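> Residue-level listing of the chains:
There are 2 protein chains.
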Amino acid sequence: MLQVNEHYLKLQASYLFSDIAKRVAAFQDAHPGREVIKLGIGDVTNPLPPACIEAFHKAVDEMGTVAGFRGYGPEQGYDFLREAIAAHDFRARGALVEADEVFVSDGAKCDTGNIQELFSTGAKIAIPDPVYPVYLDTNVMAGRTGVYRDGRYEGIVYLDSTRANNFVPELPREEVDLIYLCFPNNPTGSTISREQLTTWVDFARDSRALILFDAAYEAFIRDPDLPHSIYEIPGAREVAIEFRSYSKSAGFTGTRCAYTVVPRECTAFDAAGNRQAIHPLWNRRHCTKFNGVSYPVQRAAEAVYSPAGQAQCTALIDGYLHNAGLIRAAMTELGYACVGGDNAPYVWIDGGRDSWGFFDLLLEKAGVVCTPGAGFGRCGQGYIRLSAFNSEANVIRAMERIRQALG
Amino acid sequence: MLQVNEHYLKLQASYLFSDIAKRVAAFQDAHPGREVIKLGIGDVTNPLPPACIEAFHKAVDEMGTVAGFRGYGPEQGYDFLREAIAAHDFRARGALVEADEVFVSDGAKCDTGNIQELFSTGAKIAIPDPVYPVYLDTNVMAGRTGVYRDGRYEGIVYLDSTRANNFVPELPREEVDLIYLCFPNNPTGSTISREQLTTWVDFARDSRALILFDAAYEAFIRDPDLPHSIYEIPGAREVAIEFRSYSKSAGFTGTRCAYTVVPRECTAFDAAGNRQAIHPLWNRRHCTKFNGVSYPVQRAAEAVYSPAGQAQCTALIDGYLHNAGLIRAAMTELGYACVGGDNAPYVWIDGGRDSWGFFDLLLEKAGVVCTPGAGFGRCGQGYIRLSAFNSEANVIRAMERIRQALG
Chain A
1 MLQVNEHYLK LQASYLFSDI AKRVAAFQDA HPGREVIKLG IGDVTNPLPP ACIEAFHKAV
61 DEMGTVAGFR GYGPEQGYDF LREAIAAHDF RARGALVEAD EVFVSDGAKC DTGNIQELFS
121 TGAKIAIPDP VYPVYLDTNV MAGRTGVYRD GRYEGIVYLD STRANNFVPE LPREEVDLIY
181 LCFPNNPTGS TISREQLTTW VDFARDSRAL ILFDAAYEAF IRDPDLPHSI YEIPGAREVA
241 IEFRSYSKSA GFTGTRCAYT VVPRECTAFD AAGNRQAIHP LWNRRHCTKF NGVSYPVQRA
301 AEAVYSPAGQ AQCTALIDGY LHNAGLIRAA MTELGYACVG GDNAPYVWID GGRDSWGFFD
361 LLLEKAGVVC TPGAGFGRCG QGYIRLSAFN SEANVIRAME RIRQALG
Chain B
1 MLQVNEHYLK LQASYLFSDI AKRVAAFQDA HPGREVIKLG IGDVTNPLPP ACIEAFHKAV
61 DEMGTVAGFR GYGPEQGYDF LREAIAAHDF RARGALVEAD EVFVSDGAKC DTGNIQELFS
121 TGAKIAIPDP VYPVYLDTNV MAGRTGVYRD GRYEGIVYLD STRANNFVPE LPREEVDLIY
181 LCFPNNPTGS TISREQLTTW VDFARDSRAL ILFDAAYEAF IRDPDLPHSI YEIPGAREVA
241 IEFRSYSKSA GFTGTRCAYT VVPRECTAFD AAGNRQAIHP LWNRRHCTKF NGVSYPVQRA
301 AEAVYSPAGQ AQCTALIDGY LHNAGLIRAA MTELGYACVG GDNAPYVWID GGRDSWGFFD
361 LLLEKAGVVC TPGAGFGRCG QGYIRLSAFN SEANVIRAME RIRQALG
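Chains A and B, in that order, give the protein sequences. Here the working numbering is used: the first residue of the first sequence is 1, the next is one more, and so on. Here the working numbering is used: the first residue of the second sequence is 1, the next is one more, and so on.
This is chain A alone, in the form it adopts within the complex (with noise of 0.2 angstroms):
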């Protein structure tokens, strides 16, 4: 008789973003005439630079010859792509990445969610709140958790991100194995500073700990003093893995690229205490579980790279935080404390009231969609996450219905 695994069982109602589709369908069955903008779940909208769309074309050509075809890749991604990400993203601002530590992959929630699968069922898990559901949902999948009492998985530690820390979480102060960190933040759009993260990094270090950096965001830093990837970190190479995507970089929601980076240095330990190389095992899951991502995608990410690729992202998000600071503008002048917005996509609103109830109110009077904070935790009880992935006017539009329904 096959028995499932029982901690799927223990996993909370569906996911934040199908509970958002049914409430703004169910609106629209109900209004058919009214509009509604959506600024609510992360995903671009304006779309690929024309870079990525040339080499993508390029790619699928050569799909259709017998010269030019491809099939089975390298599982880790085309040499031309790891190449391109040690050398733009990493060693250009100073880190040291090599070409044969990045894994493409075909997207950042895959391998953050895919990664636990490495350690111990046993590793005590550290975890902010608010977060990207996608690393408690995995952990609580992989028997990690207890069961969900009073809208917290049992034996996950969280770490609070509240404006008391200006939504950076203090260490932790038991002792915890696997450490999931995420700037510039989603939900909250926070940022860490270059200090800040050293203390993680030393933390860890101290602790034999390991963080999860999740850096999908990193393409909205603007702030020069702000560190894009934990590798700027002395020391953190041994310590940390790093997730970058392209979704948010140049728009490859619909497209999938994404790689994560796992330093030679890195390890954990196996039960007698001899440290194991981290590399190796993500290398070995990546090949027995994956079979590389799409070529002519692949042509479309190294495309990111190219002069004219570079410039057309920077216009891309500069656009997008052009959205940003004109939602958290509105906002504050309405008279809501925000944060984000400036080096993130993300403008996360105390609405001084419950999460969903704000959420509804902002549906129902403004026609505008949102993501309420408490779906992403607790301590996002409160707040909602206002997401400048919409045209300029359309934003325009939804601040202007705000500031009537709530001015």
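Read the hints as simulated data drawn from the structure, not as lab findings. Careful, some of the hints might be misleading.
[Unchecked claim] Straight-line Cα separation of at most 25 angstroms, BS3-like style, residue types lysine-lysine; simulated pairs: (1) B:LYS124 / A:LYS10; (2) B:LYS58 / A:LYS58; (3) B:LYS22 / B:LYS124; (4) B:LYS10 / B:LYS365; (5) A:LYS365 / A:LYS22; (6) B:LYS10 / A:LYS124.
What you are looking at is a predicted structure, and each value in this text was computed from that prediction instead of being measured.
Given the structure of chain A, go ahead and fit chain B onto it with the hints provided.
Only chain B this time, still in chain A's reference frame:
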């Protein structure tokens, strides 16, 4: 102190095809002038069908425009593709599959590797021998085995596929929970009859087990009496999950698209003995750890079902089957017992000697790369697999060289 998943440390050596690649590279270094013909790894060599290329380009164009751009798609795949699959691949053959039971993914390797996560780590696993290594390795990683000893992992029920049973394993005598079957088979090229498959379905129903049916090579079936889908067998919807791929049917090994069917009636049990539907569990996993297949790739896959796409894919497969026929005829003529090659792209050859020895012999004497059967399990010892995935000209030359070397 972070501990690794100790089960990873049980994994044997590296992945079979990496080992082959190393031996071939060493041979080529030692003999820079000698040309090698690869009939080893099961990777297609012909370009994508023109219908797929056309649809691929069109979708890339969409991604470059504001109106046509698509961000995150449904994790389960777009309806246009799920509906085409359900209609063409199943209902057209009298097998009932609904579109919402189809989960589009980036590879059958990923899906066959990930599916085991839904089940208890205590589940008893039945795996054919010889076998595609992914089924085994992913269960080792999950901790469902003991150590590796004498060529096998403890705790696994191996289903011997030998000449005695015509390479279709007999039902296990002990209780098992999760059964991997693959037909047309990789690596042996053997097929399963409707009657034999019915026996397996009935067995699974009687023992409350689940069959994971890998039909990645379905497109090669030419015998009208053979089942194409396990859902052609009465009762299978309650006890079987089926995996399909465009890798071999349409040359998508480097393009990446596949799908998995989880019927609504499929169940396993919770600890209390209650039936739990598997569909919502897989849906939850898919939404949490995966973000959908690249939109242009899904459009390229959809084109497989157009009249032009169907004709082009049939021609593609016919070409590979023609090659397989040449391989089987040549090896049979040389006195080797062969199976496969008629409804599958693989010919499984009894070499009458050690598999790796035969591999080295073919490489050294004929400059031909095969896959040593021993790499697929203990029952593969003494066999090699030759693959039809090459040009007709290369297959003819390879067979001529083998005739000269061994004739």
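> Which numbered hints are broken by the structure, listed smallest first?
Violated hints: 3, 4; rest satisfied.
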